[in-house]
Structure formats: structure tokens, C-alpha cells
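Engineer: The lines below spell out each chain.
Protein chains: 2
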Amino acid sequence: MNKATKTAISPTRAEDYPEWYQQVIKAADLAESSPVRGCMVIKPWGYALWENMQRVLDGMFKATGHQNAYFPLFIPLSYLEREAQHVEGFAKECAVVTHHRLEPDPAGGLRPTAPLEEPLIVRPTSETIIGAMYAKWVQSYRDLPILINQWANVVRWEMRTRLFLRTAEFLWQEGHTVHATREEAIEETLRMLDAYAEFAEQWMAMPVIKGEKTPRERFPGADMTVAIEAMMQDRKALQAGTSHFLGQNFARAQEIRYQDVNGELQYAWTTSWGVSTRLIGALIMTHSDDDGLILPPKLAPAHAVILPIYRDNEARPAVLEYCRRLQRDLQQVMFAGGTLRVEIDDRDLRGGEKKWQHVKRGVPLRLEIGQRDIEQDAVMVGRRDGEKPALMPRESLLSNVVQILDEMQQGMFRRALTLREEHTRTIDNVADFRAYFTPKDQDQPEIHGGFALAHFADEEDLQDLLGELKVTIRCIPLDQSDEPGKCFLTGKPAAKYAIFAKAY
Amino acid sequence: MNKATKTAISPTRAEDYPEWYQQVIKAADLAESSPVRGCMVIKPWGYALWENMQRVLDGMFKATGHQNAYFPLFIPLSYLEREAQHVEGFAKECAVVTHHRLEPDPAGGLRPTAPLEEPLIVRPTSETIIGAMYAKWVQSYRDLPILINQWANVVRWEMRTRLFLRTAEFLWQEGHTVHATREEAIEETLRMLDAYAEFAEQWMAMPVIKGEKTPRERFPGADMTVAIEAMMQDRKALQAGTSHFLGQNFARAQEIRYQDVNGELQYAWTTSWGVSTRLIGALIMTHSDDDGLILPPKLAPAHAVILPIYRDNEARPAVLEYCRRLQRDLQQVMFAGGTLRVEIDDRDLRGGEKKWQHVKRGVPLRLEIGQRDIEQDAVMVGRRDGEKPALMPRESLLSNVVQILDEMQQGMFRRALTLREEHTRTIDNVADFRAYFTPKDQDQPEIHGGFALAHFADEEDLQDLLGELKVTIRCIPLDQSDEPGKCFLTGKPAAKYAIFAKAY
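Those protein sequences? They're chains R and B, same order as listed. When we follow our numbering, the leftmost residue of the first sequence carries the number 1, and every step to the right adds one. When we follow our numbering, the leftmost residue of the second sequence carries the number 1, and every step to the right adds one.
Don't take each hint at face value.
Same chains, same names: a pair is fine if it fits in one copy or spans any two.
Below, a list of computed lysine-lysine pairs in the DSBU-like style, where the Cα atoms sit at most 35 Å apart [said to hold, decoys possible]:
(1) K355 with K136
(2) K440 with K496
(3) K136 with K354
(4) K136 with K92
(5) K136 with K26
(6) K210 with K492
Bear in mind the hints are in silico, worked out from the structure with no lab data behind them.
Using the sequences and the hints, build the whole thing.
Structural biologist: Here it is as C-alpha cells:
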């Protein structure tokens with residue numbers, strides 16, 4: 001093979017980043033489009049990754065006092081209408097159930113009959129239906145806080161969809177909490193943002209910036225939205241999780257009130273927060289390379305795959321027996337809150353093809369075992385992060401495997417952080433800003449500067465410029481010095497800087 | 001209190017069984033109705049029970065080689081129509097999405113706009129959409145078997161709903177498999193029925209009978225449906241899980257074909273199987289009593305609750321410290337594939353009220369700890385299964401707690417089995433059959449015989465009688481002697497007997 005065709009994924013990231021993304025998903029068998037417009041099928045390898053994410057996040061939610069529950073898929077139209085900004089934000093993308101029966105159509109086939117008295121919206125998010133229940137459950141300050149999460153599917157009828165990143169139906173979790181005071185609700189909003197940041201950095205090996213959204217970018221109906229933003233390898237930003245302080249807006253719209261210690265009736269304060277299968281898209285675009293998926297070991301559905309190598313059926317039993325023993329031993333090793341997940345791939349398939357399947361799926365470790373290795377009691381260890389395969393004594397593999405996986409996990413985080421740092425720049429004037437977001441090379445329209453840190457005074461002043469450059473204000477980082485500056489465009493005094501970027 | 005009001009749940013089972021069921025759910029805070037017709041809210045205690053059920057079932061599915069995946073919520077109408085019997089079976093209860101936008105209505109409020117080209121059905125079950133994907137995935141015999149399960153919500157627009165037992169939306173798992181041969185598919189169908197039976201008996205402590213459904217009671221589109229049937233305390237039957245051998249019906253309707261070893265194109269053989277949140281209804285009705293919910297220890301969200309008892313705030317720290325230490329020690333104890341789940345309830349609430357809350361929620365063990373108990377290093381152990389509370393030395397509790405819980409679990413199974421055996425009768429003539437299913441007491445119209453085992457030749461002969469008595473053929477038990485008999489109604493020769501019962 002010559003250099004140009006040496007990658008397992010075609011096109012490469014440099015050649016066509018969006019198409020590379022689709023091909024990585026296909027090669028790793030994570031998901032595919034379905035016959036239903038905009039809806040995807042999450043295939044077993046992709047779903048196992050989601051299950052691992054769920055398990056960790058669910059543990060974090062429970063450790064912070066939350067419980068799971070389940071609320072209806074459907075929201076009566078009148079409930080959605082109760083919060084004006086909220087319904088306005090979602091009206092354009094609502095799937096509406098209008099009938100509840102099918103009957104033979106005189107023209108052939110079946111047609112919907114039995115119209116509903118009131119149309120039902122397939123939940124795009126559940127503030128309004130959950131709030132209606134909370135209004136019944138909350139009577140007194142003693143009933144607060146309510147700390148509930150739900151794992152669910154939601155539907156937003158998007159016109160342009162993309163696997164994991166933007167689909168009509170997606171899976172997510174949505175936390176919905178009720179508090180007696182404003183302070184407590186804000187504390188909860190930020191606590192869950194911290195949980196998301198910890199998950200992104202410690203588990204997904206994806207560095208994120210915590211920040212507040214500007215009013216234009218807030219969740220419809222929220223007083224404050226905070227988010228974690230990550231940089232993908234094409235230097236675009238991806239919002240990976242959001243947490244909303246809803247003030248008393250939904251409490252007023254839905255009459256969530258409680259009697260305080262003095263017996264007076266007060267409106268409660270609510271929050272909501274969520275992450276979705278979009279995280280899988282973020283993970284793919286943060287770490288994968290031109291050979292396919294790379295999985296952070298802590299979340300990999302399989303940490304290692306054992307590949308038995310033998311020439312003939314006579315050699316097979318001894319090799320397989322050795323492999324099974326290694327599998328059993330590895331499965332005893334504790335890693336990332338569980339034990340190692342180890343597969344043996346004994347399919348009758350050419351060795352090269354088999355190896356590349358696991359490379360493309362992103363399995364962190366490939367352990368090749370042939371007859372000669374057994375004689376030496378050693379294993380050929382291939383690492384998905386590009387280190388050269390090396391022969392390791394079995395015992396040394398067993399005692400070092402956790403360290404190797406940890407090292408891979410940390411290496412992935414460092415590489416992603418370095419990329420972000422190399423492509424983040426402070427900018428204080430419009431000429432630089434414009435140049436930063438203008439692709440240098442017409443053949444690579446995707447490649448631009450990255451993240452710009454720039455002070456601004458009023459987002460309304462910036463809309464024309466941002467629209468022209470297709471740049472958005474990602475967030476105002478929470479962690480920034482208090483040194484004021486001037487708006488890079490208008491020169492007005494500005495208290496804070498924001499991250500500007502092109503975004504998914 | 002006098003005897004008549006001594007129960008925590010009113011009415012009692014004897015007074016009004018259906019209403020007792022609703023009140024048990026309310027008192028245990030498992031679920032409640034929502035403002036959306038027929039849709040329920042599963043509250044944290046109910047959802048935690050479902051999570052425990054999911055964890056065990058999911059482990060069983062994975063241990064038998066299945067993987068999880070996720071398929072779209074929506075099914076295009078034309079896909080549902082592909083299998084004629086199938087669509088006929090579900091047409092009357094389909095929620096239909098017809099529009100994908102909301103716009104201001106001149107009359108005020110919003111109205112659905114942007115009609116879909118083709119209506120989408122909210123999945124009542126997913127054979128057709130999953131089959132459409134399988135048709136793409138299956139090319140050769142090497143691709144088989146496909147063994148996939150999905151955890152999902154489904155919608156069946158039922159007119160008369162009841163919490164957990166029959167709701168418009170419910171949560172379930174649906175396994176969908178594809179095989180090269182008829183034999184393999186039948187084997188899979190029965191294997192999953194066995195898994196359900198094992199789960200019901202070993203985990204839910206609910207004895208079940210495995211049997212085949214008659215043609216009238218089959219899943220729409222199936223060649224064979226097998227099910228597990230349980231007896232509730234009112235002697236009615238409840239179908240707790242079903243497994244379907246779909247023959248080649250769906251494979252033909254959807255073109256699921258594979259090239260066999262000889263290179264010839266063959267239709268595949270498929271199965272599907274599912275259990276749902278209905279299992280929670282079955283669990284409640286099998287075990288609960290007039291004081292509320294009784295949970296099988298293996299599935300209880302909390303195995304024990306510790307109740308600290310102290311007179312004043314001065315005594316509190318020492319009592320609480322002792323309780324926390326006991327909690328930590330208990331949490332180290334392995335039980336049912338995990339560690340014990342132990343709560344401390346230190347709410348400021350009258351002791352009696354607090355105790356009864358946990359009785360009504362069905363927590364297996366209540367551990368009361370007062371100052372005097374601490375001096376003796378002993379704990380007052382209250383068991384939900386009615387054994388008298390007893391003072392136990394702390395050490396003895398720790399070393400015996402698993403045995404106690406196992407004993408409770410087995411006791412529950414035995415009681416349920418005894419009830420079923422006491423109310424199961426072999427019947428060979430119509431007079432006895434009629435008497436068996438006719439309530440003796442007009443004040444207790446619910447109370448009738450129970451399960452009747454009776455030979456029958458052709459279910460069509462029986463329809464008038466069964467309709468009149470509101471009795472159904474539950475199943476033809478798989479495990480029965482081959483001794484033929486005669487139809488209890490017509491006297492025709494009959495190869496097998498069936499279980500007849502009133503049913504949920």
C-alpha cells in the first residue's frame with residue numbers, strides 16, 4: 001500500500017472531515033440511519049458505549065441525592081403552551097399525535113381515524129409535563145427539594161440531521177429539580193454542570209470549558225443556562241451538556257407552590273439539566289483518527305480483545321486454552337469501578353482483516369497470541385493509541401494492564417487539551433477576529449482558527465458579524481479573571497470575555 | 001383501634017380487590033396517573049424496583065448471548081402494513097403522528113401544521129421497523145443468528161387503563177432474533193420463556209406455568225406464542241411474559257433472506273419476546289397484603305431501613321453513630337448478586353407513622369435502634385412478612401441477615417404456590433366448570449374457583465361458554481402428561497388440557 005491509501009478510513013480528516021465522521025461510525029458499526037426520517041438505529045457496539053456512559057452518569061446523579069423516575073412520552077398541547085418562551089422555542093420541531101386508531105381507507109391501505117380531543121406532543125423535553133406533576137407533589141417546604149432524573153427518548157423534528165449529533169429522536173437524561181430558594185436552585189444548576197464536566201474530562205477524556213450562555217443562546221424559558229463546551233478536531237465547538245436555572249418561570253406557569261416555615265405560600269425555584277447520545281458524537285470527533293474510532297479505556301465496551309493465532313486445527317486447542325486462561329485472569333483485574341471487559345475473537349477470518357476490524361472499533365488493547373508466544377509465556381500487545389506493538393511477558397501484562405489503560409486514558413485527554421490550547425487565541429480587534437475565522441485554504445474550508453477569547457459588551461451588536469462569519473458565542477467561561485476589557489468590535493467597556501467559535 | 005380498621009390499606013383485599021390494588025400503589029408511592037390519558041408516572045420507589053428487575057433480566061439476556069441496541073420510536077404506516085395479521089392486531093390502538101410543527105392558530109393558541117407525507121405510528125411493538133433493518137443486515141448464513149434486545153417505551157391506545165397492568169404507554173424490553181433454521185428459532189423462543197420463568201420464580205418469588213397460547217390468543221403474526229401465567233391473590237390469571245416463534249411470516253413480509261452454505265437464498269426464521277412494567281402489577285398482586293406492598297427481598301430497592309429512636313437531641317449523636325456503623329457493616333454483606341441496600345430514616349416524624357410508611361412501602365426489614373438497644377448491642381428486627389419483631393444481637397443480625405432474607409424470599413414463593421395449588425382443579429364436565437367460575441357470594445363477585453385444568457378439542461367450540469362466564473384459555477401447559485382425554489364440553493377426543501381462568 002502506498003502512503004495515500006494507508007488509512008483504514010477514507011476520506012481522512014484532512015480530506016473531508018464531515019464525511020470522515022460518517023465513515024468512522026460506519027466502520028465501527030456504532031449506528032446507522034433508519035427508514036424513518038432523521039431517526040437513527042444505535043447498533044450494539046454504539047449502544048454498549050451508551051450503557052457505559054449511562055452507568056457512570058447514573059452513579060453520579062445518585063451520589064448527589066437524585067432518584068430516577070419516569071414521566072409520560074406525550075405532552076398535551078395546552079401544557080406545552082403554558083410557558084410562552086418555552087413553547088415558542090420548540091414549536092417548529094414538534095411531532096404531533098392527532099389520532100389514535102387506524103381504519104381501512106376506501107382508497108386502499110389504512111388511514112388514521114379517531115381524532116384526539118387535544119393534540120399530544122411527543123416530548124421534546126419534559127419541563128411542562130413533569131412540572132404539572134410537581135405542582136401536585138409539592139405542598140410544603142418539607143416536600144423540598146425534589147431531585148429527580150429520567151432516562152428517556154425525546155423527539156425534536158430537525159430538518160438537517162446527522163448521526164448522534166442531531167437526530168429527530170435521541171436518547172438522553174433530563175434532571176428536573178425543585179427548591180425552596182433561588183440560591184439552592186442555582187447551586188444545583190452549577191453542581192450538575194460540575195458533574196457533567198467531571199464526566200467529560202475524567203471518563204470521556206474530553207477537556208471542556210464551563211461557561212454561561214448569553215440570553216440569545218439560553219434554553220427557552222430559563223433565567224440562566226450553563227454548559228460545557230468542547231473543541232472537536234476540526235476546531236469547531238460542541239456543546240456537550242447543559243444545566244438550566246429556570247428561576248420561577250415554570251413554577252409560575254404551572255403553579256408549583258409551597259408553604260414556607262411561616263405558613264406563607266411561595267413559588268418554588270426549578271432547574272433542569274441534560275446530556276444525550278450527542279456525547280457519543282463528541283467522543284468520536286474528539287479522539288478518533290484516520291484508522292477509525294478510538295475509545296477512552298474507561299468507557300470502552302471491551303478493554304481488550306484476544307486474538308488467537310494458529311496455523312492448523314491441531315494447534316487450536318492449546319492456543320485457545322491459553323487465551324481463555326488469560327481472559328479469565330484479566331477479567332479479575334479491577335479497572336474504572338468494575339472489572340476488565342475482555343473478548344476473544346476466534347472467528348475464521350484472515351488475521352489482518354480481523355485486526356483492522358478491532359482497530360476501527362477502537363478497542364484499546366489487542367492481545368495477539370500464537371504458539372511461539374505461548375512457549376515464551378508472552379503476549380503481543382497492540383495499543384490503539386499508536387504505540388508500537390510489543391511482546392510482554394504474561395505476568396507483566398497482568399500486573400501492568402491497569403497502568404497501561406490509565407496511561408492511554410490520560411494521553412487521550414492530554415492530546416485533546418493540547419489541540420484546544422494550540423487553537424485558542426485571545427483577540428481584541430475585529431480585523432484579527434475576521435482573519436481568525438476565515439479559512440486560509442479554499443480547499444479546506446473547514447480549517448479556521450479555533451476558539452477565540454474576546455471581550456464583548458452586548459451580543460446584539462455582534463449579530464451581523466457573527467452571522468457573516470458563521471461564528472457563535474459559545475459561552476462566557478465561569479472561570480475567568482475579573483479584569484475588564486473592551487468589546488473587540490465596538491470598543492464599549494466589557495466586563496467579561498466569551499469563547500467565540502464555529503459550532504456543531 | 002378495632003379489628004375492622006386495623007389494616008393500613010383500606011379497603012382490604014376481601015372488601016374490594018381492585019380498589020385495594022390502587023390503594024397499595026398509592027400507599028407505597030409506586031406510581032400515579034398523569035394528566036395524559038392512560039399514561040402513568042412511575043415514581044422513584046416504583047422506578048427503583050423496575051431498575052432492579054431490568055438489571056437482572058439484562059444480565060440474563062447477555063448471559064444467553066444477546067446484545068442491546070436501540071431502534072426508532074416511530075414506524076412508518078406502510079411498514080406496519082406489511083404483515084397483514086400484525087397490523088390488524090394493533091390498528092385499533094395506534095397513536096398516530098401526522099404533523100411536525102405547531103403554528104399560531106387564528107382562533108388563539110397553537111395548532112399542528114406541516115403534515116407528514118406518511119403518518120408515523122408510535123411503536124406498539126417493533127417487529128416491523130426492526131425487521132426492516134435486519135433485512136439489510138442479513139446477507140449470508142454467517143450473519144446469523146442475530147440476537148438483539150431493546151429496552152424501550154411503547155404505546156398501545158387502550159381504552160380502559162390501570163396502573164402497571166394496562167397503560168397507554170409502558171416500558172418494556174423486546175428481544176428480536178433471526179435464525180437460519182426453524183429448529184433454532186423455536187429453541188430460542190423456548191429458551192427466553194425459560195429465562196422469564198426463572199426470573200419470575202427465583203427473583204419475583206412468583207410461581208408461573210409455562211404454556212402455549214391457542215391460535216386465538218397468539219401474538220398477531222406469530223406461528224406460536226408461549227407465555228408464563230401466574231395466579232394473583234384474587235385467583236385471576238395474569239400473563240407475565242410472552243415469547244413468540246414468528247416462523248417465516250415477518251421474514252417474508254420484510255424480505256429477511258440469507259444465502260445458505262450452498263449459496264441458495266433462504267427466508268430466515270424470527271422470534272420476539274418481551275416483558276414489561278406489567279410485571280410490577282403482577283408482583284404487587286401476588287404478594288401484597290392488607291397493610292400494603294410486600295417486596296421480594298431480591299428485588300427490593302432497599303433491603304432494610306434503620307430507624308433511630310431517641311428522646312432528645314442530646315441522645316441523637318450516639319444513636320445515629322451506632323446506626324451509621326450498622327449501615328456500613330450491612331452494606332458490606334453480599335446478597336442476590338450485589339451488596340445489601342440499607343437506608344437510615346432519621347426524619348423528624350412520629351415513630352408509628354414512620355414505621356407504617358416503611359411497612360406500606362414493603363421494605364423487608366425494619367431495624368429499630370434505641371439507647372437501651374445500644375447498651376445491649378442489639379437491634380429490634382421487624383420483618384415485613386409478619387414474623388413478630390425480635391431483639392437480635394448486632395453480630396447475630398450481621399451473620400444471619402442473608403439467611404433471613406432468603407427465608408423471606410422462599411416463604412413468599414411458597415405462600416404464592418400454595419394459593420395457586422389450593423385454587424387449581426381438574427375439571428371434566430361442563431356443570432362443574434360452570435359452577436367453578438360462578439361466584440358463590442353475590443357480595444364478592446370477584447371470588448370464584450381459580451384455575452381449571454380441562455381437556456378441550458377445539459377452542460372454537462368453547463367460545464360461547466367462555467364468553468358467558470368471562471373465562472379465557474390461559475395456555476396449554478408445556479409440562480403435562482401425554483394422557484389424552486375428552487373435551488369437557490363436547491366430549492370430543494382431546495390430546496391436551498389447558499388452564500382456564502378469569503384473567504387480567
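Engineer: With reference to the structure, classify each hint as holding or not holding.
Structural biologist: Results of checking the hints against the structure:
1. With identical chains, the CA atoms of K355 and K136 are at most 35 Å apart between copies only, with a shortest distance of 25 Å across copies and 57 Å within one.
2. Taking identical chains as interchangeable, the C-alpha atoms of K440 and K496 lie at most 35 Å apart only when both belong to the same chain, with a minimum of 29 Å there against 81 Å between chains.
3. Only between protomers do K136 and K354 lie at most 35 Å apart by alpha-carbon distance; the minimum there is 22 Å, versus 57 Å within a single protomer.
4. Taking the shortest alpha-carbon separations for K136 and K92, both the intra-copy value of 30 Å and the inter-copy value of 33 Å come in at or below 35 Å.
5. Taking the shortest alpha-carbon separations for K136 and K26, only the inter-copy value of 14 Å comes in at or below 35 Å, while the best intra-copy value is 47 Å.
6. Taking identical chains as interchangeable, the C-alpha atoms of K210 and K492 lie at most 35 Å apart only when both belong to the same chain, with a minimum of 25 Å there against 77 Å between chains.
Of the numbered hints stated above, none is contradicted by the structure.
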